[in-house]
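Here are the chains, one letter per residue:
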Amino acid sequence: MPAPTSALLPRLHALVPRGRVFSSPAQLAGYASDALGYKSYTPDAVVLPADAEELAAFMQGARSLGVPVILRGAGTSLSGGPVAAQGGVVVHTSSLKAIRSISPDGFWCEVECGVPLNTLDAALKPHGLFYPPDPSSGPVCTLGGNVATNAGGAHCFRYGVTSNYVLGVEALLLDGSLHRFGGPAGGRGHWREDWKRFMIGSEGTLAAFTRFWLRLLPLPEKVWTFRATYPDLRSIEAAIHGLVAHSAYPAAIEMLDPRAVTIVENSPMAVGLPRDSFLLLTEIDGPAPLVDARVEPIAEILRSTGSNDVAFSDQDHLRQKLWKARKAAGGLLGQISPDFLVQDAVIPKRALADILQFLYDEADAASIPAVNLFHAGDGNLHPNFLFDSRKPGDLEKVELISARLMQRVLDAGGTLSGEHGIGNDKAAYMPLVFGPDSLRLQWAVPAAFNPAHQLNPLKVLTARRFTP
Amino acid sequence: MPTDTPSAASAPNPAAAFSNCTHCGFCLAACPTYQLSGDENNSPRGRLRLWSEEAAGRIPEDPWTDFYTAECIGCLACESACPANVPYGRLFEHTRQAHVEAGRFSPHPLLRLAAAAVRHPRLLNLALLPARILRWTGLPLHRLLFRGSPPVLQSTASYARALMERHRPTGPRVALLTGCLMEGLFREINAATVRVLIENNVQVFIPESQGCCGAFHEHTGLGNTASLHEANRRAFQPLDVDAVLSNSAGCGYALARSLAPDTPARDVLSFLGDLRPIQRARPSSNARLYVDLPCHLVHGQKEPGIPASVLDATGYQWELAPNARDCCGSGGVYNIQEPENARTILASKSAFLNTAQGDPVILGTSNHVCMMQWHSAATSGLVHRPYLVRHILQLLDPLSPSDT
Ligand SMILES: Cc1cc2nc3c(=O)[nH]c(=O)nc-3n(C[C@H](O)[C@H](O)[C@H](O)COP(=O)(O)OP(=O)(O)OC[C@H]3O[C@@H](n4cnc5c(N)ncnc54)[C@H](O)[C@@H]3O)c2cc1C
Ligand code: SF4
Ligand code: SF4
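Chains A and B, in that order, give the protein sequences.
For the first sequence, position 56 matches number 56 in the working numbering, and the numbering has no gaps at all.
For the second sequence, position 301 matches number 301 in the working numbering, and the numbering has no gaps at all.
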């Protein structure tokens, strides 16, 4: 039996005497959703532990609370991750924001889970170091959220996603045990197998992470950014393929479709692009002599595949300008539509033109605007469906298109999520992608770490319900 | 409290405007009260949600909504961070006014008094005469008030007329907003502004019929500003000028909104930037100038900063203060309404002054309320070494001795 809120509160106060406990409607409102603002799940309570020790104390006592426990970083998840889908207590980690150490010689750092990504990067810069995974939510998202979703970003095409940079995870289980999977030296730590891999991308369903040891790289000496526009899908697809196959191996390959370009050009952030064009952004980085020598070959790929509008620069302020349309586009969606739902499918790059056409046809038939801006190099599509959640039937239409799109992605050999995680938003699609044998094993993992599914229930698998 | 024209409570409910917030959370990183509290509700995204949930009837009126609304500094850093152009400032002002009218927010008595007083500029100037005199003496009046040498009797308008007569500049024609506290208390900055403009061949006109810009009432939620805006439109619009200038970032922000779209209003420093102002010489000065950017300049007026040509013209070796675009905690009236929070924010912003290079160290800004806040870092024990707080215009002033 879940404890009624009146019984819950004194126990929460006892667990986090130095931290904060929220329970009034106005204190819970902000914690009812993530970046999918139109879906709300009001928690029974919110706790903000004062520091890492208090989070540990909380986790040790939380099992006996008899309610779900949901970890939350910055709440920028796009999949319904840090929300109380089955009620319970949201644990906000905003006080755990210490960068505990940076080892410039060892190329690693130790950070608490609530450190915002860009705060870490700012601290690394003076050491000539950087942490490569770069989700666009960098100014605000936390490393805890990044590890829990195995976040990606524009430059993950060459550098790889979060899992490539996690050396160690400190994890607290609801049985009160504390584990260190890996550590500053990486590898398996005190474990026979590399169990930190279970933790990365676990979406708060296995454990609460308190801190991480992360791998760092030296900042690239030089970066060149290229921007090109294309008249049609076929030619931009050829350009992407040419870039992927070239030995220069770009760090990032990003794409905007004409609908996204038009939104930018209709806004105050217009940069003067042809409205009906596809936009490609790519970047190469490395030692100056090496990358300088590759500038012409890359520009030539962009031109020879059909762009007569190729701009490139190695100057920071000009590079910012080249990126401007890509960076502006995401936010502009909010100016033209009350709500949007973003999908996160990954497809074999060869299927790009085919899937995009399918998507446009479906969305047009349902009169739902669909806009695409995405990590093209990784084949990681982000179709944004623009709708109004207050309009009856709109959300249902979007969900229907999503389901049909997903089936098409699977038929093409793709999968459900590249980087945003499954959360509760995509949980219903899991059986489309995974067969019974795969699902049985995916059940077994949370069942081992978190047997009653008290941590973040109703996420990833729809039937993962907390039963006290 | 005079109440002119429609009240916030009866104005159309702006809940529709909340819906273009996409919940992306970018504003959290920019918000000083979120950084301080780590509480989602104490962030722009959180406050917008509280207001829209209450407007939609999904949550009841709750003292916590009042609390979180009161915590907002109004620094508008969230507007600069927002990719969806959510007009946070407008929504905040509307909500604050509605909260004051409904008794859910109670402005500090000092602010109530001041809000009533600034509606009567002549009386205010008279009432503040002793304060102007006392500023010469350096006797402590209030923790936020700093020493200075304001003209005690002569108004800036009459001073400008005399100077115009003497120097007969022939360049662009401007009008100057002299402001309430600026004219009543910090008049020496207005005088310096007039000198700098005229020295740079700018013709300066100061209509005596001008009044308060309304910023004070907008910050405190005290009363409607329509009549104040109207009075200033009547004062400034008939003048045949190229721009109406303000030397206080907060007043300039309010003024620009009240005169738009017919009359262009600009910050005096950005105006001077276009003119490449006359350079002050500081031979062998060891002074170092640290420039802080007022929120209402960069986030409100959306200026990129203070032009480098203007800062170069001060003759000092200058650099931006650390986190120059972040709020110092003054927030118009925040340091009076929420002194504890304001002090915590200032503590982290001002820490660098303790070890900053330069002899003397000068903190330069372009808003008198920020000047008061920076000054209080010394009086409240946050900074332990001597430093000067100056308006950038004072550093361009042909009459100011070097290194002050
Ligand atoms: C505008 C925008 C752009 C985005 N761009 C990208 C992008 O380019 N790439 C990308 O990958 N994502 C992107 N995202 C999605 C989102 O930013 C990422 O998923 C991010 O990793 C979430 O971090 P967070 O701190 O906000 O976590 P939250 O949203 O708070 O939580 C996400 C998940 O992590 C879990 N979690 C959080 N902290 C802990 C912890 N300490 N221990 C255990 N579990 C925890 C939560 O339970 C939840 O399941 C974007 C989002 C927005 C709004
Ligand atoms: S105005 Fe400033 S304090 Fe208020 S919500 Fe915006 S950023 Fe935060
Ligand atoms: S940055 Fe703008 S759109 Fe994003 S959460 Fe804040 S107010 Fe909403």
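Certain hints may be false.
[Claimed, not checked] On the chain B side, residues computed to face chain A include the following (Cβ under 10 Å):
1) His23
2) Asn41
3) Gly46
4) Ile59
5) Ile133
6) Leu134
7) Trp136
8) Phe205
9) Glu208
[What the hints assert, rightly or not] Label-pair ranges, simulated between beta-carbon atoms:
10) B/Arg58 x A/Ala50: 42 to 52 Å
11) B/Thr344 x A/Asp276: 50 to 60 Å
12) A/Arg275 x B/Arg233: 32 to 42 Å
Simulated from the structure, these hints should not be mistaken for laboratory data.
Heads up, the beta-carbon is just placed ideally off N, CA and C, and yes, glycines get one too.
Now the hints, each set against the structure:
no.: 1; hint: His23; result: holds, 3 Å
no.: 2; hint: Asn41; result: holds, 4 Å
no.: 3; hint: Gly46; result: holds, 4 Å
no.: 4; hint: Ile59; result: holds, 4 Å
no.: 5; hint: Ile133; result: violated, 47 Å
no.: 6; hint: Leu134; result: violated, 43 Å
no.: 7; hint: Trp136; result: violated, 44 Å
no.: 8; hint: Phe205; result: violated, 33 Å
no.: 9; hint: Glu208; result: violated, 38 Å
no.: 10; hint: B/Arg58 x A/Ala50: 42 to 52 Å; result: violated, 30 Å
no.: 11; hint: B/Thr344 x A/Asp276: 50 to 60 Å; result: holds, 52 Å
no.: 12; hint: A/Arg275 x B/Arg233: 32 to 42 Å; result: holds, 39 Å
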